[in-house]
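Work out the full structure: start from the sequences and follow the hints.
Using numbering that gives the first Met the number 0, read the sequence shown as starting at 0 and increasing by one per residue.
Calculated from the structure, these hints are not laboratory results.
Hints are all accurate, no fakes.
With a Cα cut of at most 25 Å, we get these calculated SDA-like pairs of lysine to any residue:
{"no.": "1", "residue 1": "K15", "residue 2": "R71"}
{"no.": "2", "residue 1": "K29", "residue 2": "S59"}
{"no.": "3", "residue 1": "K58", "residue 2": "L12"}
Bear in mind the structure is a predicted one, so any value in this text is a computation, not a measurement.
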Amino acid sequence: MTTKQATEAARKLGYKKTNYTSHGQPVYKKGNTYITPDVDSHSGGVWKAAGSLKDLGKKSTRWGTYDANLNRIGD
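In structure tokens form, the structure reads like this:
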């Protein structure tokens, strides 16, 4: 997914692009939730989500991997 595609998909989910990146990918925010595109998508995920910008950086602190509609599909 390109940054433009990710930004449009995130916008449709109610997220706004931040000035931050995580692993080189844009970060989007809605309330206290942060999402970023899942670049490796080993489990077929589209997004990774966390409760803070810092928590997006590590698998151990992220909430998990999510599909295009933000349904949780893995760790």
